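Student: With chain X's structure known, arrange chain S on it following the hints.
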Amino acid sequence: MKAFLDGSEAIVRGALDAGCTFFAGYPITPASEILVGMLQALPAVGGTGIQAEDEIAALGFCIGAAMAGARAMTATSGPGMSLYSENLGLAIMGEVPLVIVDCQRMGPATGGATTVAQGDVQFLRWGTSGGYPLIVLSPASVADCYTLTMRAFALAERFRTPVILATDKEMVSTRATVDLASLTPEPVPPPPRLPPEEPFRLFDPGAPEEVVPLAPFGGPHVVRFTTSSHDPLGYLSQNPRDVGALNSHLAAKIEAHRADLEFGLADLQEGAEVLFVSYGTTARAVWEAVAQARSRGKRASALTLQTLWPVPEGLIRRALAGVRRAVVAELNLGQYRREVERLAPGLEVVGAHRVDGELLSPEELLEKGGLL
Amino acid sequence: MTTQTALTYLDQERLPFPFCPGCSHGRVLHQLDAALARLALDPRQIVLVTDIGCVGLSDRYFTTNAFHGLHGRSITYATGLKLARPDLRVVVLMGDGGAGIGGNHLLHAARRNIGLTVVVFNNFNFGMTGGQHSPTTPAGARTPTTFAGQVEQPLDLCATAVANGAGFVARALFNDPSLADLLEAALQHPGFALVDVWELCVRYARSNRETRDKLPTELLRSGAYPSGILAQNERPEYTEAYGEVRRAARPPAPLQGVEPLFQVHLDRPVRCLVAGSAGARVRSSATILALGGVLSGLWATQRDEYPVTVAAGHSISQVILSPEEVLHTGFDRPDWAVVLTPEGLGKVRHLLRRMDRSCTLYLAEGLGSVETGARVIRLDLQGGPKPLPPHEQTLAALAAAVDHSGLYPLEALREAVRRQGSFVEPNLALVEVGLALPRRAVNEWANE
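So the protein sequences, as listed, match chains X and S.
So the first sequence is numbered by the numbering used here: it starts at 2 and just counts up by one.
So the second sequence is numbered by the numbering used here: it starts at 4 and just counts up by one.
So that you can see chain X by itself, here it is in the shape it has in the complex (with noise of 0.2 Å):
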């Protein structure tokens, strides 16, 4: 059975099929259809969903709510995640779970509304002090935009950190017949809470790459949290060895872990010379150019990453064995390419971009990979 969907709509059916029970926002092209979704269905089913005074407001809404125990998501597109880089920031130090949807469009700054780029994707895991790092996922498919986002719920309470969906104007506006089927649900689990019986803390410095489940505001503890230097039991500290041990959990827990953080698709033919790496919208226009090239006799390969951040060096490495040639389409000036380049000694690997709002077409691939 088929239906007839856009990103956006997936992304909320992801969302609440998570068991999400908050949403705060504010209005911005192309994010507003999970905006409007969120808001309306979120009181049916007792959450809260609520359109903030300014995207400064809508993270800060969020990681209240999230601290109080709340499931909570907000979206956004580029000019909305600049706003909320400080909060980032935020939920990084606080080890808040939530998960933040970014729609990307053109820019910089207002840039364009209603067209589609792929320029947030260094931003998204550099855009706040400190470089700490955090989760980002790729959604390639209406399918893929619902998981995604049930998985990102997941990720985000399993090590207490934000996880984006870096998505695009294309990918959440444009429609498609799905199949029903393929609308995988992941159930997630649980959220980990801290024991009663357990002392409250934030983090324990013996085991720097655990998280310690978290105990919400209104809970069996009291809670603090604070968003400056702490020690493990949450209090303002400068000492040293404090400071350390917690920036080291900050970076550990999620660096120590990136193998179970590699999801992407791996398409690949054997004998092939050329792999495309790809993301998003952009990998649509791939996987139409690797069809047509396997239909005139050529052989190509395909990598789509469902994770851009941490890097799946792990998945790229493997899919990098044997090719000549590795393109890394993306609609930016090549701001992926560079992580493929650091994992591909001795290749030649070229990009393919766009950033005048349209996209990469099949035959500008075919054209890069040497393959027309």
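Just so you know, these hints were derived from the structure itself, not from any lab.
Note that this is a predicted model, so its numbers are computed, not measured.
A few of these clues could be false.
Said to hold, decoys possible - Covered stretches of chain S, going by a simulated chain X footprint (3 or more residues, C-beta under 8 Å):
(1) 42-49
(2) 65-77
(3) 82-94
(4) 265-278
(5) 285-294
(6) 322-331
Heads up, the beta-carbon is just placed ideally off N, CA and C, and yes, glycines get one too.
Tutor: Coordinates of chain S only, in the frame set by chain X:
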């Protein structure tokens, strides 16, 4: 009872407060503690939310829950906490600097009447960063950043909150004997409560003898800034009012699958372009076109292009109907196009130029000539039984084009109108109007 009078949420092991000698922040915090103690709540039911500024150092001296966040954003975290857990007593402690940078949150929280208690420790300058002027620094005051005297007018926090409908607004000096009573009244108020507590930053006073006397007692005494309870109303608190939203809400219907009712054989994808003007229901009509394809057993995508203005300018939809799943959703050569208005035409001329004899272009009568290799069929949108307003032209023209091209059965289009679900009867009538529109083959191969 002795146990009640002895109740405190101050952590005796951590006191004293870390403020400068002579600073009144500690004195105000003791009054807050006294007011909280009168509520006799479980400390886990209280959240003190602070941000950056001297008073932001205070939460660790309390045994309640504490949330310390970014400068001026405490009201946003507090709002999120309250929305998720309306049963919690959420108290925001902020300085005049935080109230300034977070002014937007302050006035919207007041307007929203969310049940927070906001206490502003207002000492008229940035004490933590060296005594720079704050939004409440009085006119004429000298600070490191207003060395010639402040030439801006100060922000009146209370007047702003009152003007925006806050449930409870009060102002008091730090040494007001009734301060604990005022704070208790604020804590007991169900809606948004602001208490603006005026203090004198000791550092600031020491270095600004010439303006010190104006601050803050002189200002209060002059009557320009009234004190005491300035506003109190019984507007519904936000999380309570949100109950109405919950009662009115309907859960989203389960996803409806579309069972194909017709069978159309295509050996390759058909790329359909619909180009018209915003406000003419181009996108919703294109959705009907695509749904008709889905009902005919085809895979479909619909990609829209439009300016950010909602009801002006062009509106373009690209619909792909395919025997297989559509991978790439864009195209630069349509097989089938319906062009309705000059705005739409202006946006797609380069695409029409790429169409050849195997393609068909349906062009509204009255639009100028078009460079294309396609078969061109002119549709007379005004030639039917009655003139069609712009918002009715798109669907009528699509019906004419589906009929002429035999893209899929007309009954699939009619069923798509029903499935799409809005304006069903008028839209079904428009399909019939469309079938009656005069069609004129323009080029010699149009009748092939």
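Student: Of all the hints given earlier, name the ones this structure violates by number, lowest first.
Tutor: The structure conflicts with hint 4 only, although it agrees with all the remaining ones.
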